[in-house]
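With chain A fixed as given, assemble chain B onto it according to the hints.
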Amino acid sequence: MDRPARILITIGVVAALLAPVMLDRDSFPLSTYPMYSRARGDAVVFSTAQAVDTGGVTSALTLGVIGDSDDPLIVAGELRDAIREDRAPERCGEIARRAADWSGLPADAVAIEVVSERHDVVAQVEGQPSVIDRTVHASCEVRR
Amino acid sequence: MTDVVELPPATRQFPIVDAVAPAERLAMFRILTAVFALAYLVIRLPVFLQLGDRSNGFEGVGLAALLDAPVPSAVIDATVAVTLLAGLGSIIGWRFRIVGPLFAFGMLALGSYRGSWGQLLHFENLMVLYLLIVALAPSADAWSLDSRRRRDGDRLSVESTAYGWPLALASLVLVITYVIAGVAKLRYGGLEWVFGDTLRNHVAYSAARLDLLGGSPAPFAGWGVRTEWIWPWVAAAAILIELSAPAALFGGRIRTAWVVAAWLMHIGILVFMLIGFPYPLFLVAFAPLYRIERLWTDRPSWLQRPDRQLEA
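Going down the list, the sequences are from chains A and B. So for the first sequence, the numbering used here puts the first residue at 1; every next one is plus one. So for the second sequence, the numbering used here puts the first residue at 1; every next one is plus one.
With the rest of the complex left out, here is chain A (with noise of 0.2 angstroms):
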């Protein structure tokens, strides 16, 4: 490839990539890389599920059961998105059925919950209380 050719194509791949900074617009696989820039409070809301006993006790469940992934960025990005486009009861149903199945759910659960927390998370880490307001978005039953 001659001179010119190279010089063309550094500038055109310079210039990609600084096109989504300049355009503002996030994409893959150029990106304006902004995880974790933007400034955060220490109260943040959650998307979560939890299982719920006949007392109300809430516990805690898996990625796994929540998000049938590993990856918490994916699970808690599709259970945010679910609540917001109010697909909440479907999304609680899929996670009741993968509940029902999983070892680790305490003996006396009898529902899941879909639900929106929000948190001091430093007080959270610090194992302090932290729960501020709570929103149910769905609730199902686990059938063992």
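Watch out, some of these pointers could steer you wrong.
[As the list claims (entries may be wrong)] Coverage of chain B stretches by chain A, computed from C-beta distances (three or more under 8 angstroms per stretch; other residues unrestricted):
#1 104–112
#2 116–129
#3 206–220
[What the hints assert, rightly or not] In silico negatives: residues of chain B with every beta carbon more than 10 angstroms from chain A:
#4 TYR40
#5 LEU41
#6 ALA74
#7 VAL260
#8 VAL271
Quick caveat, the hints were computed from the structure, so don't treat them as lab data. A virtual CB, placed ideally from N, CA and C, is assigned to each residue, including glycine.
This is chain B only, laid out in the frame that chain A set:
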């Protein structure tokens, strides 16, 4: 066979476009990037195959932006199968002019499709960008079945821009991606990202998210969140490392100092946030900055064939 044309020294004015290297260096880059991407695809195979079962929440990004709706699962299965085979072909350099682009575009398609369900995973970006550069360069002119078939390996010991420029271009892509990441923190987070509690809150957020989703938080997250004073220093160091990435293009100790700093930054992200960026953690991201053919040419004597040892 790629024409190997040496430039007269007087025309070597630009470090990127006129960079030269032996064919073996680009070949080693082909092997490293293809081995990594193929291993990644194999390890994450269940995730990619599950994409075929999804129907809700599709919003195409990258190559998948050309689609209006999800594709049938058979298309995903076929893409994965072809990409796996092309990956093998890329590693051994068999019909590379065909399998190289197939592998790169297969990974681009799969990465795009996986990112089309609401969650972009940025650690795949550089991997795909490198594969595209390798695919469109004469990366199988050495250490490949293609070069063995042609029996013209002796001509390739000369250094050429045909092999050096793709590597320099990959280096340029590497440093630009880091600079963009640094700029994003200042652009979206502002000075608060450095001087406020933002980074500490991100660490706490990652740990809390994992805990609430039933995962295990990062080993040092709790200690880090309690050690409040370190975070402005860590944040400033992270941005400094990202914005100073172009220094790596100078080579020598400056390059290696930057690589060590960037690698330690990724180790920090892993132990505090349990977020792994495997490409830099396994050093493949930094490969185009080095004379990587030496991984093989300077290999220990016990790795060399007995007949070669006798010849020596």
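To see whether the hints hold, each was checked on the structure:
1. With 3 residues carrying a beta carbon less than 8 angstroms from a beta carbon of chain A, the region 104–112 of chain B meets the three-residue requirement, and the given coverage holds.
2. Given as covered by chain A, the region 116–129 of chain B passes the check, having 11 residues with a CB less than 8 angstroms from a CB of that chain where 3 are the minimum.
3. Restraint check on the region 206–220 of chain B versus chain A: 10 residues with Cβ-Cβ distances below 8 angstroms, three needed, restraint holds.
4. Residue-level check passed: TYR40 (chain B) sits 13 angstroms from the nearest beta carbon of chain A, beyond 10 angstroms.
5. Its beta-carbon lying about 15 angstroms from the closest one in chain A, LEU41 (chain B) satisfies the requirement of being farther than 10 angstroms from that chain.
6. At roughly 20 angstroms, the least C-beta separation between ALA74 (chain B) and chain A is larger than 10 angstroms, which holds for a residue marked as non-interface.
7. No beta-carbon of chain A comes within 10 angstroms of the beta-carbon of VAL260 (chain B); the shortest separation is about 21 angstroms.
8. No Cβ of chain A approaches the Cβ of VAL271 (chain B) within 10 angstroms, the least distance being about 14 angstroms, so the stated non-interface status holds.
The earlier numbered hints are all upheld by this structure, with none contradicted.
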